[in-house]
Amino acid sequence: DVKVTQSSRYLVKRTGEKVFLECVQDMDHENMFWYRQDPGLGLRLIYFSYDVKMKEKGDIPEGYSVSREKKERFSLILESASTNQTSMYLCATERGSYNEQFFGPGTRLTVL
Amino acid sequence: DQQVKQNSPSLSVQEGRISILNCDYTNSMFDYFLWYKKYPAEGPTFLISISSIKDKNEDGRFTVFLNKSAKHLSLHIVPSQPGDSAVYFCAAGSPSGGSYIPTFGRGTSLIVHP
Numbered sequence: 001d002v003k004v005t006q007s008s009r010y011l012v013k014r015t016g017e018k019v020f021l022e023c024v025q026d027m028d029h030e031n032m033f034w035y036r037q038d039p040g041l042g043l044r045l046i047y048f049s050y051d052v053k054m055k056e057k058g059d060i061p062e063g064y065s066v067s068r069e070k071k072e073r074f075s076l077i078l079e080s081a082s083t084n085q086t087s088m089y090l091c092a093t094e095r096g097s098y099n100e101q102f103f104g105p106g107t108r109l110t111v112l
Numbered sequence: 113d114q115q116v117k118q119n120s121p122s123l124s125v126q127e128g129r130i131s132i133l134n135c136d137y138t139n140s141m142f143d144y145f146l147w148y149k150k151y152p153a154e155g156p157t158f159l160i161s162i163s164s165i166k167d168k169n170e171d172g173r174f175t176v177f178l179n180k181s182a183k184h185l186s187l188h189i190v191p192s193q194p195g196d197s198a199v200y201f202c203a204a205g206s207p208s209g210g211s212y213i214p215t216f217g218r219g220t221s222l223i224v225h226p
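Just so you know, the protein sequences line up as chains A and B, in that order.
1 is the number of the first residue of the first sequence in our numbering; add one for each residue after it.
113 is the number of the first residue of the second sequence in our numbering; add one for each residue after it.
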């Protein structure tokens with residue numbers, strides 16, 4: 001079974017802090033994604049990566065950056081957290097195109 | 113503008129009956145469709161998929177129907193069980209520039225009453 005782990009289940013940060021959300025997968029999948037889920041808005045894609053050191057913007061990249069130094073690890077960075085970034089953050093991996101995505105358990109981030 | 117729409121935010125069904133979850137899309141280039149299920153405090157899990165060359169795909173109690181002319185797909189759960197209570201997301205995608213990025217709907221919350 002594919003295992004996707006996220007560094008924290010719950011996180012509370014203050015406005016202006018730099019926040020790192022880590023995602024690690026153990027199945028050698030090429031593709032990795034970061035989403036945020038908000039009530040009534042579904043899953044919205046922030047960034048994705050098809051390879052090490054490669055990154056592409058999704059639908060809502062503003063205020064976020066990512067890092068993929070190793071194939072198994074994809075990090076989401078909030079350079080200066082704001083209250084409107086309070087959300088559930090979900091990491092996903094995918095073996096290749098036209099395949100299903102495997103999601104981590106999510107990180108519930110609250111920015112005060 | 114939403115390219116994948118799940119117009120029913122919630123659905124309530126009696127145990128043993130059929131649950132029908134609907135999804136509409138606007139992009140005629142979409143050629144692959146997936147359904148995910150999400151329980152609270154967990155990440156979504158893949159349920160079933162269908163490619164545009166088919167109009168039906170079945171997996172146990174779950175069947176997905178695709179009507180390309182209407183740009184509509186539906187997920188049927190028969191019979192529904194209380195454990196099926198979850199949020200269901202429809203996703204659609206097409207190849208673009210060598211990549212493939214699915215677009216998700218906003219989800220439908222299914223409640224199956226015992």
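Don't read these hints as lab results, they were simulated from the structure.
Since the structure is predicted, the reported quantities are computational estimates derived from the model, not experimental observations.
Don't take every hint at face value.
[To be verified] Okay, derived cross-link-like pairs now, BS3-like style, lysine-lysine, Cα gap no bigger than 25 Å in a straight line:
hint	chain 1	residue 1	chain 2	residue 2
1	A	K3	B	K117
2	A	K70	A	K57
3	A	K53	A	K3
4	B	K149	B	K180
5	A	K57	B	K117
6	B	K183	B	K166
[Stated by the list, open to error] So, partial list: chain B residues that the calculated Cβ filter (under 7 Å) puts toward chain A:
hint	residue
7	E154
8	G155
9	P156
10	F158
11	K166
12	F216
13	G217
14	G219
Backbone N, C-alpha and C define an ideal beta-carbon position, used for all residues, glycine too.
Hints versus structure:
no. : hint               : in the structure
1   : K3(A) to K117(B)   : violated (30 Å)
2   : K70(A) to K57(A)   : holds (19 Å)
3   : K53(A) to K3(A)    : holds (22 Å)
4   : K149(B) to K180(B) : holds (23 Å)
5   : K57(A) to K117(B)  : holds (22 Å)
6   : K183(B) to K166(B) : holds (13 Å)
7   : E154               : holds (6 Å)
8   : G155               : holds (3 Å)
9   : P156               : holds (5 Å)
10  : F158               : holds (4 Å)
11  : K166               : violated (13 Å)
12  : F216               : holds (4 Å)
13  : G217               : holds (6 Å)
14  : G219               : holds (5 Å)
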